[in-house]
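Could you slot chain B onto chain A? The hints should help.
In case you want the letters, here they are:
Number of protein chains: 2
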Amino acid sequence: MGSVAHSVAELDASVVKITRSTNLRPVPAPGSPEELSHSHCTDHMVTARWTVANGWETPEVKPFENLSIPPTASCLHYATECFEGMKVYRGYDGKLRLFRPDCNGERLLMSAQRTALPSFRYEELKVLIAKLMQIDGPRWLPKDQPGRFLYLRPTLIGSGPHLGVQTPKEALLFIIAVPWPDPSKLKKPEEGVKPGLKLLASAPDSIRAWPGGFGYAKLGANYGPSLVAHGKAQAIGFDQILWLFGQDRQVTEAGASNFFIVWENKETGKLELVTAPLENQLILAGVTRRSVLHLARSELSKPVGSLAPVEVVERSFTISEVEQAWKEGRIIEAFVCGTAFFVTPIKLIRNGDVDMDMLEAGAARAGYAAQIKAWLEAIMYGTDGKENHEWSYIIEGESEK
Amino acid sequence: MGSVAHSVAELDASVVKITRSTNLRPVPAPGSPEELSHSHCTDHMVTARWTVANGWETPEVKPFENLSIPPTASCLHYATECFEGMKVYRGYDGKLRLFRPDCNGERLLMSAQRTALPSFRYEELKVLIAKLMQIDGPRWLPKDQPGRFLYLRPTLIGSGPHLGVQTPKEALLFIIAVPWPDPSKLKKPEEGVKPGLKLLASAPDSIRAWPGGFGYAKLGANYGPSLVAHGKAQAIGFDQILWLFGQDRQVTEAGASNFFIVWENKETGKLELVTAPLENQLILAGVTRRSVLHLARSELSKPVGSLAPVEVVERSFTISEVEQAWKEGRIIEAFVCGTAFFVTPIKLIRNGDVDMDMLEAGAARAGYAAQIKAWLEAIMYGTDGKENHEWSYIIEGESEK
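As they're listed, the protein sequences go chains A and B.
In the numbering used here, each residue's number is its place in the first sequence (first place is 1) plus 235.
In the numbering used here, each residue's number is its place in the second sequence (first place is 1) plus 235.
Simulated from the structure, these hints should not be mistaken for laboratory data.
There's no promise every hint is true.
In this list, chains with the same sequence are indistinguishable; a pair is considered to hold if it fits within one copy or across any two.
As a list, the in silico BS3-like pairs of lysine-lysine whose alpha-carbon atoms are at most 30 Å apart [claimed, not checked]:
hint, residue 1, residue 2
1, 378, 404
2, 582, 322
3, 582, 404
4, 297, 404
5, 467, 404
6, 433, 404
7, 537, 297
One chain only, chain A, in its complex shape (with noise of 0.2 Å):
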């Protein structure tokens, strides 16, 4: 009597099902049109299918190719999707490393709950692109050119055939490895062209994200939206939009990347990292953005080299206050953060009729954005004494094939 409860099976990477491609593709070379195109994936991929009946099922890592989806499946019209963004990275001791993948798999686990996408074991993604990386890490970052990494894309679609507007009932998770242009060595700066990115502040009617909606999580829905935005700024010379929100003109985020800001506080002369706070819900909780601050807190509250100590500060801050900084001389510098463009120092931003230089007032004082971008390096890539950093996830077992 009574009914027994149903126990709906887990994501278990370590039932993997694994089905070797027997017509490898080429690999771009570095700079190639190929891989600046962002489109061309590893030999294989990861797919794990989950039904709301049985819940999911076994894991494979198959041969790279196309997905067969049905017109109606909810992905394609109700954005029932979110994603992650990580890097896989070749270290100078030859190992593969992941950085703080379980971070990842925690934001992909509540990004899949703010869409009505199902649940799984977060800790078992970082495993699953261990699986993927076993077999492709070896021919897509040869052991022998260490400092070279694949942009890694888990990401999770309803896939279900139900048309009707209702929570998914089939899902998708799919992880994806692409050749991706390392920004750092792609532009060359011509003669006496600053390198940096160029922001402009977005207008007062184009709004990415509002209090108790889904600017937090790493929906699709996030970033379709803003492309139009992002297209004009683009077509006009600027490299991202700096999203501003409120009556106030808040500065949240740089297109898909989060904005940092060194300035000197006016009151106390004291320099300070600032960027905007994750309570209200309006950015992404970036990985990069939380190792740069745990990086700043625990290593930049004492002078390193020539850089004076500074402050770190998570508040709302608004476009005017950047404004009266950069009127006042006070910018020492300005940079985004994000796994796509990693730590990378901004020159210029453009608030309406305003082109503010973030290099020239700072420049003697400058160098925060460099040093920290060196140290998640060393973590990254295995140096200095960071071989066996706790934020790093070594991959073992890659396959000799």
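Same frame as chain A, now just chain B:
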């Protein structure tokens, strides 16, 4: 010597390529589990591919099949997707009709532009649908079964394989037709249970759309993030969320439908048909909404049968105003409208701990929803002298096969 302007091809339904299925699918019986699944499409579908380099390729009507989509496709990661909901009706004169299809075409174009998808000649949409229904109409909406309809889903997705966050360089327009349960015939109300929807007002920390966002466009991005709230509402017996916005809790729309209320104005004692305005871009500009407003303005400014005249009011109004009117017994009726739900009365609205019965007070003076619905049905199915209404697009040339 200067570049030659490169003209890309327009979407052109007149050159459609037709490939007939040789393996016809079973037609689900009305009310069958197959029909209730909203996943069983007709024998054919329309597809048209677009590339930034060449524009629109030749559209096709071809056997229904899964789409082959690169795992890197923009639509799976960045929600570059928009759609329309339409119906094709089998009239009592044996003819197939679309209802104001250019309104849908125009809105699909607007939605496409909001999410960086390509432009197209929107008048072609109805012609592509006609090509599809010329083939699938006779079998899926038999001429001897007037009063039936199929749900149509034109969809536009970013389909190219470029994983970078950028304006899509390839897109796919597809149109599918799906047998759909008739909501008015679906639920046989139990003895003593009044018909009508139950709406749950959204919580203050859950926002569907915001000024400067994209709530007015029919983007996938408006749906996925709303499914969690929708699922929770359904789990406790409600049909839809009534989405409120702002500090003052403005009533915007209900689920994926527009919301209307008929109440007595406290000052004038006159009846008003009230719905949220389009100006602040929070709600979808429904084709049914527009038609309801038109009919109410043109036909209901004078008495109709037992119905007193109503004044049509498009303005922001709050849930407190609804609550006040309900307490004072001034509510005549409330209803939602949209393609999927057509015109459906509301029986209950819950806001926090207040349950408002929408049927009680006004029962003797109600009937506006039913009257408007009857007028619309006459146009959709070609009855009551509405065989050639200006809102109808009649599909000629159905296949004899």
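Here is what the structure says about each hint:
| no. | hint | in the structure |
| --- | --- | --- |
| 1 | 378 with 404 | neither (42 Å within a copy, 35 Å between copies) |
| 2 | 582 with 322 | within (26 Å within a copy, 53 Å between copies) |
| 3 | 582 with 404 | between (47 Å within a copy, 29 Å between copies) |
| 4 | 297 with 404 | both (24 Å within a copy, 28 Å between copies) |
| 5 | 467 with 404 | between (38 Å within a copy, 15 Å between copies) |
| 6 | 433 with 404 | between (43 Å within a copy, 23 Å between copies) |
| 7 | 537 with 297 | neither (50 Å within a copy, 68 Å between copies) |
Of the numbered hints stated above, those contradicted by the structure are hints 1, 7, listed in ascending order.
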